[in-house]
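Chemist: The primary structure of each chain is shown beneath.
Number of protein chains: 2
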Amino acid sequence: MKTDVQIAQEATLNPIAAVAEKLGITGEKLELYGNHKAKVSLSVLKENQAKPDGKLVLVTAINPTPAGEGKTTTNVGLSMALNKIGKKTITTLREPSLGPCFGVKGGAAGGGYAQVIPMEDINLHFTGDFHAITSAHSLLAALLDNHLHQGNALQIDLNRIVWRRVVDMNDRALRNITVGQGSKANGVERETGFDITVASEIMAILCLASSLTDLKDRLSRMIVAYDVAGEAVTAKDLEATGAMALLLKDAIKPNLVQTLENTPAFIHGGPFANIAHGCNSVLATKTALKLADYVVTEAGFGADLGAEKFFNIKCRYAELKPNAVVIVATVRALKMNGGIEKTKLSEENVTAVKIGSANLVQHLENLKKFKVPVVVAINKFPTDTEAEFEAIRQACSSEAVNVVLSDVFSQGGEGGVELANEVVKLCEMGPSQFEPLYSLELPLEEKIETIAREIYRADGVIFTPEAKNQLEEIVTLGFDHLPVCMAKTQYSFSDDAALLGAPKDFKIHVKEVRLSAGAGFVVAITGSIMTMPGLPKVPAANGMDITEDGEIIGLS
Amino acid sequence: MKTDVQIAQEATLNPIAAVAEKLGITGEKLELYGNHKAKVSLSVLKENQAKPDGKLVLVTAINPTPAGEGKTTTNVGLSMALNKIGKKTITTLREPSLGPCFGVKGGAAGGGYAQVIPMEDINLHFTGDFHAITSAHSLLAALLDNHLHQGNALQIDLNRIVWRRVVDMNDRALRNITVGQGSKANGVERETGFDITVASEIMAILCLASSLTDLKDRLSRMIVAYDVAGEAVTAKDLEATGAMALLLKDAIKPNLVQTLENTPAFIHGGPFANIAHGCNSVLATKTALKLADYVVTEAGFGADLGAEKFFNIKCRYAELKPNAVVIVATVRALKMNGGIEKTKLSEENVTAVKIGSANLVQHLENLKKFKVPVVVAINKFPTDTEAEFEAIRQACSSEAVNVVLSDVFSQGGEGGVELANEVVKLCEMGPSQFEPLYSLELPLEEKIETIAREIYRADGVIFTPEAKNQLEEIVTLGFDHLPVCMAKTQYSFSDDAALLGAPKDFKIHVKEVRLSAGAGFVVAITGSIMTMPGLPKVPAANGMDITEDGEIIGLS
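Respectively, the protein sequence lines represent chains X and Z. Quick note on the numbering used here: the first sequence kicks off at 2 and runs consecutively. Quick note on the numbering used here: the second sequence kicks off at 2 and runs consecutively.
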């Protein structure tokens, strides 16, 4: 089979203006970025406010393993398949981060015959959204340090500055730094650091904002530091809101591209799935729902993090009513969850599949708690056997959930027709019965405990004294009504990445609690969460090139 | 009179595709960024290689003062006026830097009825070129620190790392920093700092590159550090060239916008005019020369720096043959050069104009040395008087140069017709006789001494021992054939910003010499050159905003 890049380069792209026109987006409402990328005006959503929403389908997955589950591939393939069976469908995805492209992984735009294109642009600067977020974040940091330099009228406590800097690059040397060194003219000396741009609270805000006004409200509430009296100092206090919003005026508009089969794709926003909620933008999802019968969307990591946050944070804030969930698994990843090494995944092993399916089953049980119907999509590999498929079906039978094979990687939309039909069946069962898992009225500890108990199946939650103090302060500041955002390893239901499958008899350890007052959630951090990745011994960048004729090498 | 923003917002813009079509740029050769910005494919230059070049006109100025000379305004207005008198003209300008917009100054897109539009986009992210340069620079920094972290196989001397980081923001706290702090996993601890993006050598390279291949050659030669044996370590040694070029694949393409009168404008690249050469890109200028009868271009700061570097660096590398020079002055700025305070510039003062004109006359004498004919353009202000104009004419009479009044600020192209006619007259005098000031065969010291003597009129050059050592090392490394790039205050012919007019009896002090091996020049630093600006007590950012309807406030 051809490589992803070969397939992408051989694709026949429609002019993006033609893709947009089919959705009714014309004239000033479309801003072209070359012939195959565009931004869609926020007026499209406003003007269609009265129209009923299409059906919303979430694609999520079992706990990821190095074997991969193909969540984005399935999302893209399912969207193409829905179009194939006559349902006008838009796929909505997150934008990939630039930095990691130069490290271990390549891009993130699906795979095989289920990709979004132009993949090289999507993986590089795309329409500049992440650069705009980096600029807005950098501006606030510069205004903060300038405020200190100019006399610190707000009496900011130098030991309690929480606003760091960001850059969209894997640069471990910037994790912990000291700024303001040298002469007094260089500002106030203090320790701080950089995170990668996707970890910026502004990224989360961009993805949760329902309008430019809401964006500004959220930006203004961001806490950058505390003053010597312990009061929060916000972006508003630094008079930074308007300028940041100005920098984000285009970034807030959803980006339109297409799949290999010309299905429209909104790719917009990409918040981290650990310290943030890991979903594409509310504005992209909502706009898509006004323009299509079906909207397929995704959430980062496995369903324990991605789906949980999609439901409890994104759907709650945006008042979305999801109609169906697709949970993606591969035979290979289930074998790894069943204890098999990566080198032996090509050998048939029905027992390992059975054991590993415990992970899938727990996710199925969990998803029921949100009252949204579910289908399992097995993303096919050539080495899979019928006996292994049968083992998955048997494991899922107790949950009364159908298991469907998906072969969109090698067949495109055609390989996802069975899945599409199942999704339509679920969506046509009646109006969405969706409910979040917990009420916002619950105390923050109890929200965290509810997720730990109901989703992770932990015996309890242990808060460090530091975390307890932080929770108390958040209550004092008046933010106890916010949903929680769990920052946990993606590899396990527990907070120990080594515990695969469906672990039992463990506790969740909350080490630290952070307030994202602008985004509107309280982050509970379990384990050590890396917000600035590093580069490997041999970075992918070393193998990249572009020829005088524009041929791109090494970006996959 | 209306404000710049009002005028800009009332303008009737043509679709940029229509502007491009008039230049013969159609189809795949044009990449739209919205309806009023576009990138032009490098193939346009390649396909028109055989066509003769249009006439090249440089707009430069006297030494700048806080009173302003209106160089960009004159450039834009002259271009519109040339079109008005039937000469197909393209204006070429530098892209403004994002960071300074949030500090003291507003944008940089001309003024009054001589602006390029859309000014708000040009002043903000534009087409993302500066972000791409920041990314490429950041990638190289990350690869360098990663190399140290992974064992430093190249034996880089930690005390001789010259590659810093950049961000397009005025952020003084980042001037001097320590990175790699905390645990060993965070890289190697060392002191470094950030410059503003326009100071990146990659910016200078982008502006001097004649093709993607030339860009890669220059990128590969950039020196990032020296090893323990004193040998240069380059971007090529870090295997960073291809990935950086990939990040710059779109940034290298000239941007097309238009003036208020729909004259095509290439706005592309914006290197610092102190540690770099301060001109728009070679590719934009060369492409424009193939598409128009007249191309008007600019160079940063006054003619002692901007024009000198335009001739000795840009024209030499690009084999450009400029046909005429417009030197811009205002009565107000000449009065300041004549010793008058900023508060008294509105009062007629013929004596001060006479004294200040010594600055203008020295520039005129200097420009003759490059064998390109010159015209003086007086950028009119309502408070100017005829007696003051006459004083300027008399001062210039010894140089046999015409002095023309320009009123493009309040009249647009119509106000520049006299200037346009004079420019055409100069350009039609015959083929360009342009010559650089010095031969590349001269030793580096002598190149610097030639500029100091012939342009600044210094009595001599004093090199610090450090600078002498650096020059010796550059010779040892084999780079003595490069042109020099003077980094000097823009406010005086001397290296003392307080010496206005035409100072005599001074020496130039070269404190430090830096090698920009990729860009292809040796930077001689006199005085203290700031490569990372700070924000003022009340940053312009504080007054910026955007409404839900998209109205922009505070960006001017």
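To be clear, the hints were calculated from the coordinates, so they are not data collected in a lab. There could be a bad hint or two in this list.
When chains are identical, the list treats them as one kind, so a pair holds in a single copy or across two.
Dumping the calculated BS3-like pairs for lysine-lysine here, alpha-carbon to alpha-carbon at most 25 Å [stated by the list, open to error]:
#1 K469 - K426
#2 K426 - K538
#3 K512 - K185
#4 K250 - K426
#5 K426 - K237
#6 K250 - K89
#7 K237 - K538
#8 K370 - K23
#9 K89 - K512
Chemist: Looking back at the numbered hints, which does the structure fail to meet, lowest number first?
Modeler: 1, 2, 4, 5, 6, 8 and 9
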